[in-house]
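Residue numbers (our numbering), protein chains in the order written: chain X, 1 to 498; chain V, 499 to 875.
No lab work stands behind these hints, which were simulated from the structure alone.
Check each hint, because a few of them may be wrong.
[Stated by the list, open to error] Dumping the calculated SDA-like pairs for lysine to any residue here, alpha-carbon to alpha-carbon at most 25 Å: (1) V/Lys-505 with X/Gly-443; (2) V/Lys-641 with X/Lys-185; (3) X/Lys-185 with X/Gly-443; (4) V/Lys-641 with X/Ile-433; (5) V/Lys-641 with X/Val-193; (6) X/Lys-475 with V/Ser-513; (7) X/Lys-456 with V/Lys-868.
[Unchecked claim] Negatives, chain V to chain X, calculated, CB over 10 Å: (8) Ser-513; (9) Ile-593; (10) Tyr-728; (11) Val-731; (12) Leu-780; (13) Lys-799; (14) Phe-846.
Since the structure is predicted, the reported quantities are computational estimates derived from the model, not experimental observations.
All C-beta atoms in this analysis are idealised placements derived from N, C-alpha and C, irrespective of residue type, glycine included.
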Amino acid sequence: MRNRKSTKPFLPTTLDNLKQTLQQSFYKNSDLTFTVHKKHGKKLAVFFISYQIHTDVLRDSLLKPLLEDLKKWSNEEIENNIPIGTKEKTDRLEHALELIISGSAGIYIEGETEILFYSMLNKEKRALEKAETESLVLGPKIAFTESIITNMNILRWRIRSNDLVAEEYQIGKTVSHEVRLVYMKSIANEADVNTMRQRLLDLDVDEVLDSVVLKQYVEDKQWSIFPQFDSTELPDRFSYGLSKGRVGVLVENSPTGFMGPVSLFSFFESTEDMFMRWNAGSALRILRFISMILSILLTPLYVAAVTYQYGLIPTNLLITLGTSRAEVPFPPLLETLILEFMIELLREAGARLPTKVGQTMGIVGGIVIGEAAVQAGLTSNILIILVAISALASFTIPSYLMSVSFRLIRFPLVILAGMLGILGISLGIVYLIIHLLKMSSLGRPYLAPLYPWRFKDFNKVFFRTPPQFYSRRFKSYRPKFLFRFSKREAKAKHDNRD
Amino acid sequence: MDINIKKSPTSSFRSFYLFFIVVTMQVGVGIMGAPRWIFIHARQDSWISILIAWLAIAIVVAIMLLILKQYENADIFGIQVDIFGKWIGTLLGLIFIVYFFISNLVVLATYIEVIHVFLYPDLPSYAIGGAMILLVLYAFVGKGGLRIIVGISFLFFVISQLLLLLVYEPIKLINWHHYFPMFQSTPMDILKGAKATTFTLLGFEILFFIYPFIGNKEKMKLPIYLGISYTTVILLLATMISIGYYSLEDLPHMEWSVLSYYKSIAYSFMERLDYIVIVLWLLTVIPTSNFLTWGMMHGLKRLFQIPKYISLYSIAIITFFLVIIIKTDTFILTATDKLANYAIWLVFVYPFVLLPCVYIKKYFRKQKYKKQRAAKS
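Make a model of the complete structure from these sequences and hints.
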């Protein structure tokens, strides 16, 4: 945007001309305020968009000194005497327009070669709130907001170190957005930073709607169902990632940031695991891995066992299953698809409705429809239990995008199971694993530390150990600086109880 | 053709993975039916046959590594061309490719046969064969390649080892009298049993192909020998359980004895674990087929400069049609029999011929070099 050169010479000009040019540029928009003052034998214009700026600041810090205190009007004099920090000078029309839009007031003295701009941005934003989509039991509750300045402010307070680099870029050709590339200079791998920067700079799009959209533009494999960057609205999760050597991106107007490189397993990681004691943290993390496997395999296995491989189920259990399915008129595949569809329906409706109504939805959906479906003989009890378990299991994944992916994977697997029984499931899983092996995030392997195998990273991914075992950083992604602290000194306690 | 292959950090892998590659290739599909073939010859002394086979394989592997060591970073194709000249070298390379092709076919056909026998008698071969070939293809397209298939063999190995945990159930049912009296078979029978074993344990010849892509070659011996020993232990376990578990009259008639004893395992929530074993065997079939396909692709590229994707797709299509046509298990029987005979010459005898040739060539090269130096000075 800034590279565009204005075609014709623009300054110096008369105030009337300037007014005309500006108004033409805004297409006769009435938003532009253009006032002319005369003093000291000179003509001066102040122009701005009234709702973009703080009028108090304009009055007290700009107009008052300008009209009352200043002895003479010239650009130099004004620059030296106006008590506002952020100022810019320009002689290009495009730049001037951009500055006006982004909340600056312009001052032009007739005959000068440059316009002075003072930023007094008045941006409407909501206050800091608790995180909604990623909720934690322990730990900080604050969430990112839509304002990138606020977000950077939160982040700076969390990481008070000059190591934190936040490079600024403008992305989008028609509507440009401020994008920040955030990383820890001394930790993040330079190749990763360069890759991310290159991908951001190479983007040639008209507009980026949100960070989640930008994320999809810069991902390694856009056709995959799995997210390849970790999106979060939690500053603590974000800064935790940065301190592990990840590269983060924040986008203006977006309450989520994303960061990479990540592995599949880091989506199962919650900062909460670190806040808890190591044994509880490990148990929860392992629970999430088990629930992931359950959520993909439970219903397909049901379909396969009921359709083809009854042999898999012992006789006693088969009788229970048979009686519950005796009345059901549909083949297992159809029955399962209907029920899975219903669960997804409930979830989607619950997500769209306001919280209060959402609860009612849960009751109506879960109890009424579920109970009624069994009573009417449309589905079997056991399937309802299985579908409910697998839906619940998929919600334990801390990352919302990943849990959506996992719920969707289930459908092809159910269909494969309906077609080929457990062989179908096996084919599907093999495909899935090969797919995951081929994926990468910022060019780093997606299945690390499983493949490439790095056993030393296992306690950072699959379970947790007491804190002194975290003396080195996650090696699979080659952070610039592996060492965190000395294990021996961390453990030493110099208690003095006398 | 260059005799040596340039080392590149992006396509090489750590020697740690050699263990998994060797085990995957050796296990293949053979182990499912192997105990019967060994038992027919060596009876209750099968374990001696297996140990003899293990020793033979260890020696052959040592010879292979010795051959490969004489070159900087070469594979079998380069070495053969270097020693026997362009024409004979290419022909010998082609023999290896054909051998790989038939092995691949046998692996896929055997697995389809198992599926037919145990799971779906009526499932058309093209469905299951096509699905498997597509999965094999998928590992190569796009970002795929040697590193990905190494990863596949590694991950699938880890998953499929869970099946080993289940064998304690058949072990409990073993009749220990079946192993006695020992040392009843004649040495000839034991050697025949060893020959049957070696066919099951073929697959380590992949070393001839992947050697240039091993990252840290100084550490490669341990994983390779551990790999062949591990496979031997697995086969020994499978055979001994089969002998102890089935009556001595029945075993010669059990075609897939390893699968059958999984049938007896039952839990309160699951029975008939042979189903699970069979479908999880896909995790061995796919990487085996991957490596064989990769070997063929790599060989064709080295010998004839055929682009990899062309050879990949043509191999896949030809294999697919052949897999459909081969339906009866008589084919598998005759093919495996023949293949076993030829393969033993190719894998077990050929390295012993190659090694002296390599040494002679090296000697002459040194002489030539010395002469050149003498002439210069």
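What are the numbers of the hints the structure violates, in ascending order? Violated hints (numbers, rising): 2, 7 and 12; every other hint is consistent with the structure.
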